[in-house]
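Colleague: First residue of the sequence shown: 1, per full-length UniProt numbering; consecutive thereafter.
Mixed in with the good hints there might be a few duds.
DSSO-like mimics (lysine-lysine), calculated; alpha carbons at most 30 Å apart, straight line [to be verified]:
1) 114 / 204
2) 44 / 34
3) 28 / 50
Each pair of labels, with its calculated beta carbon distance range [what the hints assert, rightly or not]:
4) 32 / 88: 28 to 36 Å
5) 182 / 204: 31 to 39 Å
6) 183 / 11: 58 to 66 Å
7) 38 / 11: 28 to 36 Å
8) 88 / 116: 57 to 65 Å
9) 102 / 55: 24 to 32 Å
10) 53 / 32: 28 to 36 Å
11) 33 / 12: 33 to 41 Å
It should be emphasised that the hints constitute simulated quantities derived from the structure, not laboratory data.
Here a beta-carbon is modelled for each residue, glycine too, at the ideal position from N, C-alpha and C.
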Amino acid sequence: MHFVEAMKRFTQEEICHGTNITINVVQKCPENAKTVQMRIIERKCYQYPKCDGEVLVYHCTRFLNNLIEVCSPNGLITGHCCTQFDEGVGRVIEDYSTSCSECPFKYHSNDSSKFSSCIESIQRTSTKSPIKEYANAKDIMDETKQVENRQTTQSIQYDITTEDTELRLTNGSTLINSPDVYVITVFIMTMLVYIAICIVIAIKLEK
1 MHFVEAMKRF TQEEICHGTN ITINVVQKCP ENAKTVQMRI IERKCYQYPK
51 CDGEVLVYHC TRFLNNLIEV CSPNGLITGH CCTQFDEGVG RVIEDYSTSC
101 SECPFKYHSN DSSKFSSCIE SIQRTSTKSP IKEYANAKDI MDETKQVENR
151 QTTQSIQYDI TTEDTELRLT NGSTLINSPD VYVITVFIMT MLVYIAICIV
201 IAIKLEK
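All chains, full assembly: derive it from the sequences and hints.
Modeller: So, in structure tokens, the structure goes:
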């Protein structure tokens, strides 16, 4: 039996960051072609953005100590081995630590669940995921975006800049710097001086 020891390398463009949000931890993989087709239809992997021009397709494979469904590009697996999902590259790749006597030397990654020796042991031991809750990864990302949006809104509230007015909150105090405010202040002071002069003149005239 021939094994391939070298690990695949991917360029930055080939790394599929968006596939992690499609992970769904499952108890078992589809057991026949009909079930596979049903899962393909339900998961709708084709709706996700392509990765480096490659369409995402349905996979059921290993991830750490679990079985997962994931939408990933359909890669070429070599070396009589099972597959695994690599979250670092966002792809289903070779798991050279798990040999597979029934696997051909070359096959497509989306066919990996056809080989019972690659998934049976995981199906027997897999329980609720002890890993990160990747099944809820999309919700986590949405929540992160909401937090970022709230932070952006707060930043706008505390740092407002226009052509005429600049408001900055510093140590709990508000500093206002505006040409219009300066003009208004000068005008008010001038009017107060004028009124004071008028009062003085009126008093002298009465005497």
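Colleague: Next step is simple, just say for each hint if it's right about the structure.
Modeller: Do the hints match the structure? See the list:
no.: 1; hint: 114 / 204; in the structure: 110 Å, violated
no.: 2; hint: 44 / 34; in the structure: 16 Å, holds
no.: 3; hint: 28 / 50; in the structure: 27 Å, holds
no.: 4; hint: 32 / 88: 28 to 36 Å; in the structure: 32 Å, holds
no.: 5; hint: 182 / 204: 31 to 39 Å; in the structure: 34 Å, holds
no.: 6; hint: 183 / 11: 58 to 66 Å; in the structure: 60 Å, holds
no.: 7; hint: 38 / 11: 28 to 36 Å; in the structure: 35 Å, holds
no.: 8; hint: 88 / 116: 57 to 65 Å; in the structure: 27 Å, violated
no.: 9; hint: 102 / 55: 24 to 32 Å; in the structure: 27 Å, holds
no.: 10; hint: 53 / 32: 28 to 36 Å; in the structure: 31 Å, holds
no.: 11; hint: 33 / 12: 33 to 41 Å; in the structure: 36 Å, holds
Of the numbered hints stated above, those contradicted by the structure are hints 1, 8, listed in ascending order.
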